[in-house]
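A.B. asks: The task is simple: from the sequences and hints, build the whole structure.
Chains as they are written, first to last, in this note's numbering: chain A, 1 to 260; chain B, 1 to 159.
No wet-lab data here; the hints were simulated from the structure.
Note that beta-carbon positions come from the ideal geometry of N, C-alpha and C, so glycine has one too.
Be aware that one or more of the hints could be misleading.
To be verified - Here are some of the chain A residues that sit facing chain B, going by a computed Cβ distance under 7 Å: (1) Leu43; (2) Arg45; (3) Asp46; (4) Ile48; (5) His49; (6) Asn53; (7) Ala92; (8) Leu93; (9) Val161; (10) Gly187; (11) Met189; (12) Val193.
Stated by the list, open to error - Label pairs and their in silico Cβ distance ranges: (13) A/Tyr81 / B/Ala57: 56 to 66 Å; (14) B/Gly51 / A/Ala248: 26 to 36 Å; (15) B/Ala18 / A/Thr254: 23 to 33 Å; (16) B/Val63 / A/Met257: 56 to 66 Å; (17) B/Ile71 / A/Ser191: 37 to 47 Å; (18) B/Phe117 / A/Met177: 34 to 44 Å; (19) A/Ile172 / B/Ala123: 50 to 60 Å; (20) B/Ser4 / A/Val61: 43 to 53 Å; (21) A/Ala255 / B/Ala57: 46 to 56 Å; (22) B/Gly104 / A/Gly60: 30 to 40 Å.
Okay, here's what each chain looks like letter by letter:
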Amino acid sequence: MRWWHPADIGFALRSKAAAVGQATRLLLRLVAGLGYVLKRPGLLRDQIHFLGNYSLAIIGVSGLFVGFVLGLQGYYILQRYGSAEAVGMMVALTLLRELGPVVTALLFAGRAGTALTAEIGLMKAGEQLSAMEMMAVNPIERILAPRFWAGLIAMPLLAAVFSAVGIMGGWIVGVLMLGIDGGAFWGQMQSGVDVFQDLANGVIKSIVFGITVTFVALLQGFVAKPTPEGVSRATTRTVVMASLSVLALDFMLTAMMFSI
Amino acid sequence: MQPSKTDIWVGLFVMLGAAALVFLALRAGNLLTLDFNKGYEVTARFDNIGGLKPQAAVRSAGVKVGRVKSIGFNDQTFQADVHIELANGYAFPKDSSFKILTSGLLGDQYVGVEAGFDEKPLASGDTVTNTQSAIVLENLIGQFLYGKASESSAPKAAE
Numbered sequence: 001m002r003w004w005h006p007a008d009i010g011f012a013l014r015s016k017a018a019a020v021g022q023a024t025r026l027l028l029r030l031v032a033g034l035g036y037v038l039k040r041p042g043l044l045r046d047q048i049h050f051l052g053n054y055s056l057a058i059i060g061v062s063g064l065f066v067g068f069v070l071g072l073q074g075y076y077i078l079q080r081y082g083s084a085e086a087v088g089m090m091v092a093l094t095l096l097r098e099l100g101p102v103v104t105a106l107l108f109a110g111r112a113g114t115a116l117t118a119e120i121g122l123m124k125a126g127e128q129l130s131a132m133e134m135m136a137v138n139p140i141e142r143i144l145a146p147r148f149w150a151g152l153i154a155m156p157l158l159a160a161v162f163s164a165v166g167i168m169g170g171w172i173v174g175v176l177m178l179g180i181d182g183g184a185f186w187g188q189m190q191s192g193v194d195v196f197q198d199l200a201n202g203v204i205k206s207i208v209f210g211i212t213v214t215f216v217a218l219l220q221g222f223v224a225k226p227t228p229e230g231v232s233r234a235t236t237r238t239v240v241m242a243s244l245s246v247l248a249l250d251f252m253l254t255a256m257m258f259s260i
Numbered sequence: 001m002q003p004s005k006t007d008i009w010v011g012l013f014v015m016l017g018a019a020a021l022v023f024l025a026l027r028a029g030n031l032l033t034l035d036f037n038k039g040y041e042v043t044a045r046f047d048n049i050g051g052l053k054p055q056a057a058v059r060s061a062g063v064k065v066g067r068v069k070s071i072g073f074n075d076q077t078f079q080a081d082v083h084i085e086l087a088n089g090y091a092f093p094k095d096s097s098f099k100i101l102t103s104g105l106l107g108d109q110y111v112g113v114e115a116g117f118d119e120k121p122l123a124s125g126d127t128v129t130n131t132q133s134a135i136v137l138e139n140l141i142g143q144f145l146y147g148k149a150s151e152s153s154a155p156k157a158a159e
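C.D. replies: Encoded structure:
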């Protein structure tokens, strides 16, 4: 783009605005596709299997190691102030409020988001989407909407698994390895974690992140250049855009939810 | 809808996620200790509430019997009005005293209730004035210094 030519700047701005408009229209059509998806639950079930079950391995193992690290670091810092028994509460609050939804969303973007973008991009490159339109099958309803709703359903479940496995990991390190009293571990956690303030807010965050990541992945696949290079570029863009959006949204949601 | 062999895997995945949520709510959170029954409301007037916050516990003999619902300022009496919700199972005499105590040395502040000797119990909407305010560090230091000063001047006056 030749920035010293006003025509080029005008063109770039107009095409950016058009891209935002196209993305918004796609989002609205995905949300409106709920009726179609509910009439064909088989599609939804297959997509939940693809997005959720296959991500379970990486989410579970990552949650375990994140829990281990939180337990270790928390113990080292808290025992300087004699509050080593608060490790349980620290691990639980960190996971439920922040790390659970955010890290799960980042891993989901990397694993499931790239798979979605590549699949849709390849379908577009192979002209399968146009072929479907020829047969009077709406590709957005048939292909994209089930994936969108499956991502929305799978993300909170994955985030819950991440947090639960992380808390177990913190328990393994804190109680079994470092010798903190098990009763104090769970007791302090239960007194410090509020179901509505912490757990519910974490679930809301994971739903918002699920919408964001899945929508970015589907959008990038849908507007990818229908060439192999275009598909691989779109995959990279998915990860970058989804990760940045998740982190920015996390800050905004935290400011809204946890303000004093 | 045709049954498919992915059905069982998807079902297991959803059940695992739901089980994780239930585990978090019950074991990590305080769902089991939440009390959804309404209690009866009492207003206590304090000169100084210190660091007392809404949702703070109200304990008697160390056991939680209620919580602080809201705190307001009364510009007729220039005192703090603390609205307390007490659980329905506990009845306290009308002359019970309310104190603001601290749990541990650096802990949160809570309201402690000491039962009085009256026969009539506290009813919903009552106002309690038999209260003791939170300990304010500056007042304590002032009292200490004043006591020290009068202690050193009393022997001099006696001479």
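A.B. asks: Each hint needs a verdict: does it hold in this structure or not?
C.D. replies: Evaluation of the provided hints:
1. Leu43: violated, 10 Å
2. Arg45: holds, 5 Å
3. Asp46: This hint holds: A/Asp46 lies near chain B, its Cβ roughly 6 Å from the closest one there, short of 7 Å.
4. Ile48: holds, 5 Å
5. His49: Constraint on A/His49 satisfied, holds at 4 Å.
6. Asn53: Hint holds; A/Asn53 Cβ to chain B Cβ min 5 Å, cut 7 Å.
7. Ala92: OK, holds: A/Ala92 within 7 Å of chain B, min 5 Å.
8. Leu93: violated, 9 Å
9. Val161: holds, 5 Å
10. Gly187: violated, 11 Å
11. Met189: Hint on A/Met189: holds, closest Cβ of chain B at ~6 Å, below 7 Å.
12. Val193: holds, 5 Å
13. A/Tyr81 / B/Ala57: 56 to 66 Å: violated, 23 Å
14. B/Gly51 / A/Ala248: 26 to 36 Å: holds, 34 Å
15. B/Ala18 / A/Thr254: 23 to 33 Å: Given a distance of about 26 Å, which is inside 23 to 33 Å, the answer is holds.
16. B/Val63 / A/Met257: 56 to 66 Å: violated, 32 Å
17. B/Ile71 / A/Ser191: 37 to 47 Å: violated, 22 Å
18. B/Phe117 / A/Met177: 34 to 44 Å: violated, 54 Å
19. A/Ile172 / B/Ala123: 50 to 60 Å: holds, 52 Å
20. B/Ser4 / A/Val61: 43 to 53 Å: violated, 28 Å
21. A/Ala255 / B/Ala57: 46 to 56 Å: About 28 Å separates the Cβ atoms of A/Ala255 and B/Ala57, which means 46 to 56 Å is violated.
22. B/Gly104 / A/Gly60: 30 to 40 Å: holds, 38 Å
In summary, the structure is inconsistent with hints 1, 8, 10, 13, 16, 17, 18, 20, 21 from the numbered list given earlier, while agreeing with the others.
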